[in-house]
Amino acid sequence: MKITKKAVLSLLLLGFAGTSLAGCSGTSDSPNESAAESNGGANPVTIKWYVTSGTSNQPTTKQILADYKAESGVTVALQVVPGDGEAIYKKIDVDLSAGGDVDLITIQNPIVHAKYATNDWLLPLNDIYKEEGYDYEAEFGKNLTKFNGDTVYTLPDGVVSWVVFYNKKIFDDANVPYPKGEWTWDEYIETAKKLTNASKGIYGSSMPDYDSILYLLAQQRGINGYKADGSSNYDDPAFKEALQWYGDLGNTLKIQPSWLEIKSKKIPYDTFMTGKYGMQFIGSWFSFAPQDLKSYPRDWKVGVTQIPIDPQGKNSIGSSGGIAVNKASKHPKEAADFVKWFAKNNYKYSGGMTAQVNLSDEEANKIFTDMASKYPASDGITSEELKAALLTPNLGIVPEKITGTIPTEYGNIILQEGELYLVGQKSLDDTINAIKTRADEAIKKQSTVN
Amino acid sequence: MSIPRQIDADLSIEKKDKRRRLSLDKQEARAAFVFVLPFFIGFVIFGLAPFFYALYISFMDFNSFKSLDSLKWTGLSNYKAIFHDSVALSSYFKSFYYTVIYVPLLTAAGFTAAVMLNKTFHWKAFSRSLFLMPYVANIVAISIVFTMLFDPFGGIVNTVLMKMGVENPPLWFAGSGTAILTTALVAVWANFPFQMIVYLAALQGVPSDLYEAAEIDGASRWQRLTRITLPLVSPTTFFLVITATIGSFQNFTIFNALTRGGPGIASRVSSLNIYEEAFSLNHYSYSAAQAIVLFVIILLISAIQWGGQKKWVHY
Numbered sequence: 012m013k014i015t016k017k018a019v020l021s022l023l024l025l026g027f028a029g030t031s032l033a034g035c036s037g038t039s040d041s042p043n044e045s046a047a048e049s050n051g052g053a054n055p056v057t058i059k060w061y062v063t064s065g066t067s068n069q070p071t072t073k074q075i076l077a078d079y080k081a082e083s084g085v086t087v088a089l090q091v092v093p094g095d096g097e098a099i100y101k102k103i104d105v106d107l108s109a110g111g112d113v114d115l116i117t118i119q120n121p122i123v124h125a126k127y128a129t130n131d132w133l134l135p136l137n138d139i140y141k142e143e144g145y146d147y148e149a150e151f152g153k154n155l156t157k158f159n160g161d162t163v164y165t166l167p168d169g170v171v172s173w174v175v176f177y178n179k180k181i182f183d184d185a186n187v188p189y190p191k192g193e194w195t196w197d198e199y200i201e202t203a204k205k206l207t208n209a210s211k212g213i214y215g216s217s218m219p220d221y222d223s224i225l226y227l228l229a230q231q232r233g234i235n236g237y238k239a240d241g242s243s244n245y246d247d248p249a250f251k252e253a254l255q256w257y258g259d260l261g262n263t264l265k266i267q268p269s270w271l272e273i274k275s276k277k278i279p280y281d282t283f284m285t286g287k288y289g290m291q292f293i294g295s296w297f298s299f300a301p302q303d304l305k306s307y308p309r310d311w312k313v314g315v316t317q318i319p320i321d322p323q324g325k326n327s328i329g330s331s332g333g334i335a336v337n338k339a340s341k342h343p344k345e346a347a348d349f350v351k352w353f354a355k356n357n358y359k360y361s362g363g364m365t366a367q368v369n370l371s372d373e374e375a376n377k378i379f380t381d382m383a384s385k386y387p388a389s390d391g392i393t394s395e396e397l398k399a400a401l402l403t404p405n406l407g408i409v410p411e412k413i414t415g416t417i418p419t420e421y422g423n424i425i426l427q428e429g430e431l432y433l434v435g436q437k438s439l440d441d442t443i444n445a446i447k448t449r450a451d452e453a454i455k456k457q458s459t460v461n
Numbered sequence: 018m019s020i021p022r023q024i025d026a027d028l029s030i031e032k033k034d035k036r037r038r039l040s041l042d043k044q045e046a047r048a049a050f051v052f053v054l055p056f057f058i059g060f061v062i063f064g065l066a067p068f069f070y071a072l073y074i075s076f077m078d079f080n081s082f083k084s085l086d087s088l089k090w091t092g093l094s095n096y097k098a099i100f101h102d103s104v105a106l107s108s109y110f111k112s113f114y115y116t117v118i119y120v121p122l123l124t125a126a127g128f129t130a131a132v133m134l135n136k137t138f139h140w141k142a143f144s145r146s147l148f149l150m151p152y153v154a155n156i157v158a159i160s161i162v163f164t165m166l167f168d169p170f171g172g173i174v175n176t177v178l179m180k181m182g183v184e185n186p187p188l189w190f191a192g193s194g195t196a197i198l199t200t201a202l203v204a205v206w207a208n209f210p211f212q213m214i215v216y217l218a219a220l221q222g223v224p225s226d227l228y229e230a231a232e233i234d235g236a237s238r239w240q241r242l243t244r245i246t247l248p249l250v251s252p253t254t255f256f257l258v259i260t261a262t263i264g265s266f267q268n269f270t271i272f273n274a275l276t277r278g279g280p281g282i283a284s285r286v287s288s289l290n291i292y293e294e295a296f297s298l299n300h301y302s303y304s305a306a307q308a309i310v311l312f313v314i315i316l317l318i319s320a321i322q323w324g325g326q327k328k329w330v331h332y
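These protein sequence lines map, in sequence, to chains D and S. Each residue of the first sequence is one higher than the one before, counting from 12 in this note's numbering. Each residue of the second sequence is one higher than the one before, counting from 18 in this note's numbering.
These aren't lab readings, by the way, just hints derived from the structure by calculation. Beta carbons are placed, not taken as given, at the ideal position from N, Cα and C, and that holds for glycine. There are no misleading hints in this set.
Which stretches of chain S does chain D cover? Using the computed rule of at least three CB atoms under 8 Å from a CB of chain D, they are:
#1 100-113
#2 167-175
#3 191-197
#4 290-298
Sequences are here, hints too, so could you generate the full structure?
What follows is the structure, given as structure tokens:
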């Protein structure tokens, strides 16, 4: 009897410890995993991929995994990281530091890419692809991101160009012609003024609250965030002008919600889909929203056009992401193959723009035709319109964000200090000085604490 | 039976009783150990081990995103860096400022509510349940409700203030001078029921004959409160103040839900700063050093409070 009691107690304690520890791990969502591993060893390889919970729930993700499995025989299991956006990297960092061997890491933006690449967590793909005779240079060319001269850690799964989505109903109601072709920020502002109708709660413009918006004009002009000696270049007058310009849109011109309003009301990034905004300036990744009538039902039409420019900086801004292979991956070749397949095919599922540069005109046109077909037919968005908005052959292209030695911290500092100016609690000069001083401190600290 | 034999038998029974008692004591001790064991295992795994690990890595160079087996000893460099980091230093002062507002208000609110609810009136049980509601409310729900209430653009609070003639009402969570104060007020609202319950238990332990004697002697209500109630519940007050102080320095959730340290870094208290350093910037060792400094600050303040109790706590 005593022995039974002891055994039960021990089991309970073990169970307690076991469940506690199990609670610390991520969730593996792999419907095909058991099947893959029990298929008699014909192709037992299963590779794991860190994804956000949002990505894991998208029907296209399941389709991607099924199509890749059908083509390669390799199972890709999702390692779901709770949270969305960049929040997932906090958990991924801890997992990788502790020896995590999940094969594939989603690279959402250049800051994330730089962080993992410069800290030596990613597997260089050059040799694997060269060994199999795959010419990634020919396929992705100028859209490839390289480190230390020639090292490639990911292949771009698309190109995100910043564009302007617009609400045709608001334009029609205000008797304003739809924007088309090359236009300037002055024209954008004039258009937004005509669309804004405070009595109806309509704003002419909406922009996301990213750090990069606070220095948008400087970035479009190609001003570097760092000086040649490595210190912060935020005392360049272009950054001051850019911050003031952005602040005026909400605070003075009132063509879009002020920063204070965005933060106080917690206005979400997809607020354009409420139908209360004339224009939405955002990355082309946002195209999923107007394409999704189920999640965003609407009785108004959407149009899309290219990014406005400043006369001093005729540049579009853009970025690319992709999937990289964890250096500790146990299946590097299979993982690299999925990276390649995903980079080539993702646009078919996402409705975005491919980063492939070696496509014939016919192939490129087909991509834009497919892309246009993903929008509801009632929007009347044509492949030519998308091509003009996304490719912007009349403009140069510059990176969306400042990266460099303190990529994450620089963005945080700009947001934190810039916010005080935008809500009227710090002067413009003091804000710029504070950003410069704190960025320099952070650059110095980076070398001190490392 | 001879007398010596009888004595021997008595001694033997006594020994047996003693042995049985010892055996019972042992069994009880074992049972107690088994009951304590789950907590102890949890404490070691999730409390003690992480603390010593944090202490260990605070002396290492784990300030970039790297593998754990490549760490190097850096001595006190992370601790020295704190004193050159204006954001880190200000975060400690902000935590202190929050504590200075939060703890007295929380204690006063809990005590006042307990005194009110200790009286006899209709719907007493129902009223107590209502008072408890903030404590069981989810912090995310609380943050949504208070964000709407204190919204500078059409929030109820500012609408009322403007109707009362206040031309420039505060920005509350969005104001650099009001963010910590407003957060502290919300935290007091959310947490005072716990203090209230503990005070209620303490008040019910105050002998009623003391009040009767004081009343006969002509003591006023205020005198009864300050001369009888407060001294007799002072051990409870001490417990609540010390736990609230420790909790307020460690408070992360409510700031993360309400202000995220903003506007700018106006409400970036030390726990938020530690989190950001570790998980946004991958400065794990530097963040651990900041956490150890915070631990020392809390320890010192607790020690001062412990030492000062002799002057005002009556056991």
